[in-house]
Amino acid sequence: MKFATFASLVCLVAAAFSPANAQVADMNKILYAYLRGTETGFDPAKYSDTGSVEIFKSIYETLLGYDYLARPQMLVPGAAEAMPEVSEGGRRYTFKIRPGIYFSDDAVFKGRKRELVAQDYVYSLQRLVDQNNRGAPWDFLFKGKIIGLDEKIAEAKRTGKFNYDKPIEGFKAVDRYTFQVNLTRPDYLIPQMMGSPATGAVPREAVEAYGDDFDGHPVGTGPYRLREWQRRNHIVLEANPNFRGITYTPPAGAKVDEPIAAQLAGKTFPRIGVIDIRVIEVPQAAWLAFDSKQLDVMQEMGTAYARMVAPDGVLLQKYQDRKLQFYRESQGNTYWHMFNMDDPVVGGYTPEKIGLRRAISYAYDQQWEANIVKQGQAMPAQTPIGPEVEGYDASYRNSFYRLDPAYGNAILDKYGYKDCDNDGFREAPGCQPLLITYLDQSNRDTRDYDEMLQKMMGSLGIRLKMDKKTFSDLVKQRQAGQYMMSFGGWNLDYPDAENFMQLLYGPNAGPVNEARFKNKEFDQLYEQIASMPPSAERNAKLIRMSKIVAAQAPWILTNHALFSHIAQPWMIGYRPHPSSKEYWQYYDYDQSMRRSMTGR
Amino acid sequence: MLAFIIRRVLQMVPTVIGAILLLFVLFNLFGGDPANILVGKIQDPEKIAAIRASLGLDQPWWIQLWLFFKQVITFDFGNSWSTNEPVSQLIAHRAPVSMTIMLQVWLLDALIAVSLAMAVAYRRGSLTDRAIMGICTAAMSISLLLYVVVGQYVLGFKLDLFPVLGWSDSFVTNVVRYAPLPVMLLLAVSVAPSLRLYRSFIVEETNQDYTRTARAKGAGEHRVMFVHVLRNATIPIATYMAMQVPQLFVGSFLIEKVFSIPGLGQEIVESVMRSDFPVIKAITISIVILTMVINLVVDLLYKALDPRVELK
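From first to last, the protein sequence lines are chains B and A. Taken in order, the first sequence gives residues 1 to 600; the numbers are from the numbering used here. Taken in order, the second sequence gives residues 1 to 312; the numbers are from the numbering used here.
Derived from the structure by calculation, the hints contain no laboratory data. Some clues are possibly wrong.
What the hints assert, rightly or not - Capping the alpha-carbon separation at 30 Å, the derived lysine-lysine pairs in DSSO-like fashion look like this:
(1) K293/B x K318/B
(2) K41/A x K465/B
(3) K158/A x K323/B
(4) K468/B x K257/A
(5) K113/B x K157/B
(6) K41/A x K318/B
(7) K520/B x K547/B
(8) K374/B x K41/A
(9) K41/A x K145/B
(10) K541/B x K41/A
(11) K520/B x K414/B
(12) K323/B x K267/B
(13) K41/A x K476/B
(14) K41/A x K581/B
(15) K520/B x K469/B
(16) K293/B x K257/A
(17) K257/A x K547/B
(18) K41/A x K143/B
Said to hold, decoys possible - Simulated coverage check for chain A against chain B, where a stretch passes if three residues somewhere in it have a Cβ under 8 Å from a Cβ of chain B:
(19) 149-156
(20) 163-173
(21) 194-207
Just so we're clear, the structure is a prediction, and the values are computed from it rather than from any experiment. C-beta: ideal position from N, C-alpha, C; glycine also.
Bound-form chain B, shown alone (with noise of 0.2 Å):
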């Protein structure tokens, strides 16, 4: 009886303290993938470049996340139970943190089993804009936002010390498994943020015990934890003893792919024990790689070879015949030329000179960029919001962005842009010279683009002159503003249109606002978009600020890069996602049919 007794204890707190899938995944399976660039560190707050970023994503857990297969993309509970409570008119997010997520075992926590709580993402949040971090690349995320984190920032700036036992009202640990946000003003994008990679949880002990070295000692509660790290050569990641297995359902009216949904159905994840990633920056290394099975997946591949494996999107019939899963899309980015706002001779907001940047606008060939240049990886863009986010309008199509350079020549003329010394190219009214300095990167490889920016402005008659700088002298140069023409993109730090237009609002002219373009309707609208749910009222704002960008011209809107993804045919449940970087924990691969096929 006795007996009896203890060992339904046993069983009750085993229980208790187990999570509610165990952990499944398969040691002796290892995953070849690989990164097309190098990692710099798994420190979520100090780095924000590409490589580090699809690491530390399956080591630490946000507290929202994007579901793995709706498309448009949606946001899903991550660490959190569900989604937040927003109250106070938008102003407070309150997060439920599901109990028992465990932090991977480490000397740290001196034996003991490590749990979540709220008072943990108090603290990497702080982490975010605590400017010894590496200058705090991710801090535009909360900076001006959360009650009491500005007056912290300047009393670290003057003490030259982030004070993290300082609480604030912006962040707060209700109880040990309530978080909540507090913020200064109504933002309908904190649940965006809490799904962005930067906003993972690390513990403050083990932080504050590696010091530096946390950058290769991360510590994390994800699916995946490190196992070993050649620094920028080769990166093993190995399941996560301590995290909860997780099951995939398709969220209540999302379009997911449904035979992938199929493929994850019933199953707990990860499946695949370990994780064996190498850094291959060669694209013909890389692919030659894959086509010998020595990689599984290959995400991202260069565009030359997306082009020879799938010249129109779909795959050559020998790679179909081979049975290898290919997927294109969009990862939600924009690039553009742009000009100088300030410039005397492109820039300003006269007639004349919104007529000469709509002539330029008209000479532009987007599709020969998209099929030559982009050796067809890119398809035109019409807005400046990348595809693939929150207020993109695919159906959108803006009537300035046409190749039609007989109507800018017309344009050129109306507003007195001839050619007075008959020499061949225009001058500016009042036969002042005109000639376009395009600043571009002296390093970058853009034969290319010159040629297309030389055809283009050939065309209207203009004198173009191309000017290589170094990156160092070309950002000095465009944060100074001593520039006429550059080039410019961006990829999307959170899947929202916000995003992509904080990049024209005119109090961010300079740093972030490079073409130093100000149009007060803009700013209004950016500023009423900003903090508005998603709404159809929101995405008519959203195309009105679309057409007052392209009525103005400050950006010649280029292209959306597509990114093919191309998998070997034992991968079950692969489908990349275009901006959450956590897919490792969804993937398998059918051991059998691998090994029959390479021996291993």
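Mind docking chain A on chain B? Use the hints.
Below, chain A alone, put in the same frame as chain B:
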């Protein structure tokens, strides 16, 4: 001999000082601002200033220069600006990787080039000599990039003779499995110029009076070539080989990049691209010192090879 060594070591000091000054001036004039790279997507001037301050770039130039001298004296170059990795650790991890490839190339290059140079010098003017020299000229005309791209595709992928890329933690696996293809491709480029050079050294010696005397005394051709000619040709060959020694540590950027080999070659080029001054400083100064030490060793070697040489 001891006085010679002490004198040469003392001569190294002004050379190192000169290298420090040159590197410091070049970096500050042309090196770019690492803060622009570290700051990320948004070039916020306030953040750039904070990063510059954290790297010590806001200090007056004489303080930065003094710190550089201090780093050279203590041989502690701190952490990499871009990756935060201790520079000493970075070199300790990556230099042996480069050496695993380059040492094999160096030795095999010497073995192949000296052997073939002897053979063609032996048959100077023959069809074999002209054919090998022709092949050398052709081989030298092709860039390493082409060898690497074609070699990886044909030998690695198409014929499946070697892995397409890779590197492991095991020295034996690396030597047996991953290094052979990169080594072969580097040899394809390096043997030709070495062979031409060594051939000229050997031919030069075969025209000397002592060679004619040896033949006149009735020495066999083998003895003339291997005992007299090769011994004397060893001095310029050893000099040439010694000058290549610093390269063993530096590695080959292209090979390391294409075959994903975590060597120092990649690191050097990327450090320059990222304006990572601590790494550039550490590697440059190490190479300067190594080159001077190698020169000293070569001078001592001359004495060992030819006792008539006097060290002054």
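Fill in: Outcome, coverage of the segment 149-156 of chain A by chain B - at least 3 residues whose beta-carbon is closer than 8 Å to one in that chain
Holds: 4 residues of the segment 149-156 of chain A have a Cβ under 8 Å from chain B.
Worksheet entry | Pair hint K41/A and K476/B, alpha-carbon separation not exceeding 30 Å | Cα-Cα ~14 Å, so holds.
Discussion item. Check whether the Cα positions of K374/B and K41/A lie no farther apart than 30 Å.
Written reply: Holds, because 22 Å separates the two Cα atoms, which is no more than 30 Å.
Worksheet item: Within a Cα-Cα threshold of 30 Å, do K41/A and K465/B meet the stated pairing?
Response: Distance ~26 Å between K41/A and K465/B Cα, so the pair holds.
Discussion item. Hint check: K158/A vs K323/B, CA-CA at most 30 Å. Holds or violated?
Written reply: OK: K158/A and K323/B at ~20 Å, within 30 Å.
Discussion item. For K41/A and K318/B, compute the direct alpha-carbon distance and say whether it is at most 30 Å.
Written reply: 40 Å, violated
Item to complete: Sort out whether K41/A lies within 30 Å of K541/B, counting only the CA atoms.
Response: At roughly 26 Å apart (the allowed maximum being 30 Å), K41/A and K541/B satisfy the hint.
Worksheet item: How about the segment 194-207 of chain A: do at least three of its residues have a C-beta closer than 8 Å to a C-beta of chain B?
Response: Check failed, 0 qualifying residues.
Worksheet item: Checking C-beta pairs, does the segment 163-173 of chain A have three or more residues closer than 8 Å to chain B?
Response: Holds: 6 residues of the segment 163-173 of chain A have a Cβ under 8 Å from chain B.
Discussion item. Between the alpha carbons of K41/A and K145/B, is the straight-line distance 30 Å or under?
Written reply: Since the Cα atoms of K41/A and K145/B sit roughly 20 Å apart, the hinted pair holds (cutoff 30 Å).
Fill in: Proposed proximity, K257/A with K468/B (alpha carbon, max 30 Å)
26 Å, holds
Fill in: Straight-line alpha-carbon gap K41/A to K143/B, limit 30 Å
Judged against 30 Å, a Cα distance of about 16 Å means the pair holds.
Hints 5, 6, 15, 17 and 21 from the list above are not met by this structure, while the remaining hints are.
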